[in-house]
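Number of protein chains: 2
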Amino acid sequence: MSDRPKKIDIREEGPREGFQIEPQIFPLEDRVRLVEALAETGLKHIQVASFVSPKRVPQMADSEQFFAALRKKPGVHYTGLWLNEAGFFRAQACPNVDLTGRISLYASDAFARQNNGCGAEEMLDKQAAWMDLYDKAGIAVEAAMVMAAFGCNKEGPIAPQKVVRMARAAVELCTSRGKILPKLYLADTMGWANPDQIRRLVGLVRAELPAETALGLHLHDTRGLGLANVAAALDMGVALFDSSVAGLGGCPFAGHGDSRAAGNVCTEDLVFLCEELGIETGVDLDALIGCARLAERIIGRPLNGRLMKAGSLNAYRRAEAAE
Amino acid sequence: MSDRPKKIDIREEGPREGFQIEPQIFPLEDRVRLVEALAETGLKHIQVASFVSPKRVPQMADSEQFFAALRKKPGVHYTGLWLNEAGFFRAQACPNVDLTGRISLYASDAFARQNNGCGAEEMLDKQAAWMDLYDKAGIAVEAAMVMAAFGCNKEGPIAPQKVVRMARAAVELCTSRGKILPKLYLADTMGWANPDQIRRLVGLVRAELPAETALGLHLHDTRGLGLANVAAALDMGVALFDSSVAGLGGCPFAGHGDSRAAGNVCTEDLVFLCEELGIETGVDLDALIGCARLAERIIGRPLNGRLMKAGSLNAYRRAEAAE
Numbered sequence: 008m009s010d011r012p013k014k015i016d017i018r019e020e021g022p023r024e025g026f027q028i029e030p031q032i033f034p035l036e037d038r039v040r041l042v043e044a045l046a047e048t049g050l051k052h053i054q055v056a057s058f059v060s061p062k063r064v065p066q067m068a069d070s071e072q073f074f075a076a077l078r079k080k081p082g083v084h085y086t087g088l089w090l091n092e093a094g095f096f097r098a099q100a101c102p103n104v105d106l107t108g109r110i111s112l113y114a115s116d117a118f119a120r121q122n123n124g125c126g127a128e129e130m131l132d133k134q135a136a137w138m139d140l141y142d143k144a145g146i147a148v149e150a151a152m153v154m155a156a157f158g159c160n161k162e163g164p165i166a167p168q169k170v171v172r173m174a175r176a177a178v179e180l181c182t183s184r185g186k187i188l189p190k191l192y193l194a195d196t197m198g199w200a201n202p203d204q205i206r207r208l209v210g211l212v213r214a215e216l217p218a219e220t221a222l223g224l225h226l227h228d229t230r231g232l233g234l235a236n237v238a239a240a241l242d243m244g245v246a247l248f249d250s251s252v253a254g255l256g257g258c259p260f261a262g263h264g265d266s267r268a269a270g271n272v273c274t275e276d277l278v279f280l281c282e283e284l285g286i287e288t289g290v291d292l293d294a295l296i297g298c299a300r301l302a303e304r305i306i307g308r309p310l311n312g313r314l315m316k317a318g319s320l321n322a323y324r325r326a327e328a329a330e
Numbered sequence: 008m009s010d011r012p013k014k015i016d017i018r019e020e021g022p023r024e025g026f027q028i029e030p031q032i033f034p035l036e037d038r039v040r041l042v043e044a045l046a047e048t049g050l051k052h053i054q055v056a057s058f059v060s061p062k063r064v065p066q067m068a069d070s071e072q073f074f075a076a077l078r079k080k081p082g083v084h085y086t087g088l089w090l091n092e093a094g095f096f097r098a099q100a101c102p103n104v105d106l107t108g109r110i111s112l113y114a115s116d117a118f119a120r121q122n123n124g125c126g127a128e129e130m131l132d133k134q135a136a137w138m139d140l141y142d143k144a145g146i147a148v149e150a151a152m153v154m155a156a157f158g159c160n161k162e163g164p165i166a167p168q169k170v171v172r173m174a175r176a177a178v179e180l181c182t183s184r185g186k187i188l189p190k191l192y193l194a195d196t197m198g199w200a201n202p203d204q205i206r207r208l209v210g211l212v213r214a215e216l217p218a219e220t221a222l223g224l225h226l227h228d229t230r231g232l233g234l235a236n237v238a239a240a241l242d243m244g245v246a247l248f249d250s251s252v253a254g255l256g257g258c259p260f261a262g263h264g265d266s267r268a269a270g271n272v273c274t275e276d277l278v279f280l281c282e283e284l285g286i287e288t289g290v291d292l293d294a295l296i297g298c299a300r301l302a303e304r305i306i307g308r309p310l311n312g313r314l315m316k317a318g319s320l321n322a323y324r325r326a327e328a329a330e
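As given, the protein sequences belong to chains A and B, one line each in that order.
The working numbering applies: residue 8 is where the first sequence begins, and numbers increase by one.
The working numbering applies: residue 8 is where the second sequence begins, and numbers increase by one.
Note that these hints are calculated values from the structure, not bench results.
Glycine residues also receive a C-beta, built at the ideal position from the N, C-alpha and C atoms.
Any given hint could be a false lead.
To be verified - Computed from the model, here is a short list of chain B residues facing chain A with C-beta under 8 Å:
id : residue
1  : C181
2  : R184
3  : T229
4  : A269
5  : A326
6  : E327
7  : A329
Stated by the list, open to error - Just some of the chain A residues that point at chain B, by a computed CB distance under 8 Å:
id : residue
8  : E92
9  : F96
10 : P202
11 : T229
12 : A238
13 : L314
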């Protein structure tokens, strides 16, 4: 347990994940209210919305208005997601978006083809053009992400060497331009990871990274092992996590409606785990639980988070301390 | 990880937990169908129903008929729960119940008082009379359980010494009669435990137990750490767990209705974790997922289990093996 970080950094993905996957389009004021409440909890990175085809994803058609309506809190990064140049240019034209470049890689060939119409190696080749685009726009690349790093519903188990290969390639994309990659994320996109695999793959990939590159995890709770995997990762020194308030979102590959499979690990459950282990998150847990309950009221049905239904242990501890 | 067991034993508590906490009374044939399906998965211990006041718990008023309607599978234990002598005599009069004695202890005085109207020490004193009763009935004591061992909504944090004291007392209750306590369970009744606490308390309590006494855990997922706690316990060599198919049941202390806080850890998620870590459970995971989905159809709303919505990884692995 000596490798455990003293504090972790969380990238909150709930608003984009949650409002994108629901068939319904929620009132802009509700979405704004949730993002503004999240910014008050101490979270420093919030993924607000995506810039994607309004025809294919009508839920995200008004991302410009969404960002424009936000009262931004200083020190908080409000990010957007794009998948092609048109999306990037939309984000770039939008003053409230905090732009950072991202390298998108795949450990699964079949999953790369499904999402992008080209294999994992071709997807890697395309990243050089993205680096050029970001350079031209004066935007630094902040992170690379290797998707389906732990297994893939389309391809099956994923050999660790494929992940290592992509991690190495991401680092080289930066070093060949005289830059350092700040963060590399491994994504368990379809919920295949288990704690042993987390330990093995984190160990293998970290050995490939320069000391300046932090290793992060984007874990899904699709098969219930989300927080067990986080716990294993913390023991390995991982200090960067993506998560989603109330467990907003879900898995586009399994289940639907109320019985949709779980998506990202739940932010407040993650924060609770860290607090109980003595790891700082910079987040006010009770305020975050308030956000989770707000998200549930907006969506209008019970969401996946556990802690939001039971409450934190803070009140009990304060009572004991006061005795 | 060298302390990990090769295989674990699971006591399935879903039917009693699930059908007891719901306001509705479900058709007997549905309940029978679920228990019979569970018995076909390889599970060896199924807690079917409780023998409690039909006035206070009308959902369990027909426990005699429930047991009588079961076609029992050889090798499977079908148990019932009782809280007082009247309940025990009812269970004893019921031919299909597999009777085993249980010692019930509390680490929390306040919680003992709430449930039994007497403190933890008085509750301990009362166990001698239960031992006499079981002796007279020719029933062996199979397990002791220390409730609220990790924390208590009524009392706050629980000092580990209180748990150790009760564990020692349970062992002595048996050794003073020339017997060995087969199993001692620590219960995280209100979802306070975290992985570090699991490691500490398991270590402390195991040091008190004779080699012949197995240490088990009854963990709740109330605050989302259920499987992270199981993973920590497996690393400590714990090989006995209680759980509930589909996460049936819930927490009577927090939330309500669809937004009720989670109860026991979910059996199929637990089995999945073990399989992924190479630990045998003796359970057919896909058949168990079928039971979880049956439970969801009976209850009529989405239940807490994660894996039941996403499916296991077996099909993907079989496909790969066939390539």
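- Against the earlier hints, flag every one the structure doesn't satisfy and list their numbers going up. 1, 2, 7, 8 and 9
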